[in-house]
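All chains should be modelled from the sequences, with the hints used to inform the complete structure.
Those sequence lines, one after another, are chains A and B.
Per this note's numbering, the first sequence starts with residue 1, numbered consecutively.
Per this note's numbering, the second sequence starts with residue 1, numbered consecutively.
Keep in mind that a hint or two might mislead.
Note: identical chains are not told apart, hence a pair may lie in one copy or across any two.
Taking lysine to any residue pairs in the SDA-like style, the calculated list, with each CA pair at most 25 Å apart, reads [unchecked claim]:
(1) Lys-113 <-> Phe-181
(2) Lys-113 <-> Leu-102
(3) Lys-7 <-> Lys-113
(4) Lys-113 <-> Phe-153
(5) Lys-113 <-> Thr-35
(6) Lys-7 <-> Gly-184
(7) Lys-189 <-> Ala-201
(8) Lys-2 <-> Ser-202
(9) Lys-2 <-> Asp-86
(10) Lys-22 <-> Ala-87
(11) Lys-45 <-> Asp-145
(12) Lys-113 <-> Glu-136
(13) Lys-22 <-> Thr-118
(14) Lys-22 <-> Ser-49
(15) Lys-113 <-> Phe-176
(16) Lys-2 <-> His-77
(17) Lys-7 <-> Leu-102
(18) Lys-120 <-> Glu-103
(19) Lys-120 <-> Arg-134
(20) Lys-120 <-> Ile-24
(21) Lys-45 <-> Arg-158
(22) Lys-22 <-> Arg-198
(23) Lys-113 <-> Tyr-126
(24) Lys-22 <-> Phe-119
(25) Lys-120 <-> Leu-102
Honestly, the hints are just simulated from the structure, not real lab data.
Number of protein chains: 2
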Amino acid sequence: MKLYDFKVAPYPRRVRIFVAEKGIEIPIEQVDLFTGQSRTPDFLKKNPSGHVPVLELDDGTCLAESVAICRYLEALHPNPNLMGRDAREQGLFEMWQRWMELELFFTVEGFFKHTDPTFKPRFTQYPGYAEDQRLEALERMRRLDRELANRKFIAGDRYTVADITALVAIDLFTGFAGQPFPSGLPNFKRWHDTVSARPSASA
Amino acid sequence: MKLYDFKVAPYPRRVRIFVAEKGIEIPIEQVDLFTGQSRTPDFLKKNPSGHVPVLELDDGTCLAESVAICRYLEALHPNPNLMGRDAREQGLFEMWQRWMELELFFTVEGFFKHTDPTFKPRFTQYPGYAEDQRLEALERMRRLDRELANRKFIAGDRYTVADITALVAIDLFTGFAGQPFPSGLPNFKRWHDTVSARPSASA
Numbered sequence: 001m002k003l004y005d006f007k008v009a010p011y012p013r014r015v016r017i018f019v020a021e022k023g024i025e026i027p028i029e030q031v032d033l034f035t036g037q038s039r040t041p042d043f044l045k046k047n048p049s050g051h052v053p054v055l056e057l058d059d060g061t062c063l064a065e066s067v068a069i070c071r072y073l074e075a076l077h078p079n080p081n082l083m084g085r086d087a088r089e090q091g092l093f094e095m096w097q098r099w100m101e102l103e104l105f106f107t108v109e110g111f112f113k114h115t116d117p118t119f120k121p122r123f124t125q126y127p128g129y130a131e132d133q134r135l136e137a138l139e140r141m142r143r144l145d146r147e148l149a150n151r152k153f154i155a156g157d158r159y160t161v162a163d164i165t166a167l168v169a170i171d172l173f174t175g176f177a178g179q180p181f182p183s184g185l186p187n188f189k190r191w192h193d194t195v196s197a198r199p200s201a202s203a
Numbered sequence: 001m002k003l004y005d006f007k008v009a010p011y012p013r014r015v016r017i018f019v020a021e022k023g024i025e026i027p028i029e030q031v032d033l034f035t036g037q038s039r040t041p042d043f044l045k046k047n048p049s050g051h052v053p054v055l056e057l058d059d060g061t062c063l064a065e066s067v068a069i070c071r072y073l074e075a076l077h078p079n080p081n082l083m084g085r086d087a088r089e090q091g092l093f094e095m096w097q098r099w100m101e102l103e104l105f106f107t108v109e110g111f112f113k114h115t116d117p118t119f120k121p122r123f124t125q126y127p128g129y130a131e132d133q134r135l136e137a138l139e140r141m142r143r144l145d146r147e148l149a150n151r152k153f154i155a156g157d158r159y160t161v162a163d164i165t166a167l168v169a170i171d172l173f174t175g176f177a178g179q180p181f182p183s184g185l186p187n188f189k190r191w192h193d194t195v196s197a198r199p200s201a202s203a
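Put into structure tokens, the structure is as follows:
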């Protein structure tokens, strides 16, 4: 098994945190997206979309999508459990994982991609759209602050894959997207401090 | 168990098709998004985002997200299998499900939401962004046509949740979004005819 990674990108970070939480050792190879290493004919055979992460299995199968890789690793290594132990947990953790992705990560990403100069040569950026996405992300963080008033983690009392997605989203927002951590959200801040203090956060 | 549905919307359609493929009977209640039935205080307790589908379990738990509902039902009713029988299948089907969502469904949805007059009062529409999304969706359909040259269904030789997501996407494109079915894509057309002929497609 080998994980193709790009250290600075958010999607592979999801997988690295997941792998660290599981305590699995997987050989990692860096693929520099900036210098076109994901667009070589060899790499496009692994992932025709030219993205990382990609998990190459020993039989040559390539899982070329971050959540798909987590799903595979969860099935192989069920403990510690990150995606739900029974039907109800699997449904609830998936719901929170999807909410954190659709409502938080994608709005942050929409803002970032439509403002950051890196993406200018690749597609047309719409500043108005970017601003709408930024405001929507902030609104979701305010709602998350209220939701976290009575529980420790995103989906309940234990750390799950939904925490990973939310962490990657807010760190993209305050990192490459250059925004301040929103003030006046004490529960959200406490949650962020807690999950950031886990060794997996720096994986 | 009760499913809150809105007959014309694409996200609940995903769940209805999934339920039909499983052969499960679930009581359904319609929630008219157009007349604000998903914004009542009672409904917002079930889903604070004010969307359908929502699956209300007998203990009152609400799974308020389409893929989360499918995940729950898959765990309760593993046959016929739609999300993978072992770790490798679970990873591969998730990858195709996610690709169909991120690369096809969301680009179609982006085009639709930024052109359809229904959404005008709710957020600023960017026609340039809409057109970029339309072109990206068409490009993904052309790639899908090549991918389907040597297999019957999206993720391989059998029908999976990835077929449901792709079907809902193309039917939104040619339905409410008012676009013609793209010409010159014989494999994609053959696949669409095949999955549309299943009884679940009209669920």
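Task: Structure versus earlier hints - violations, ascending order - done: 4, 6, 13, 14, 20, 24
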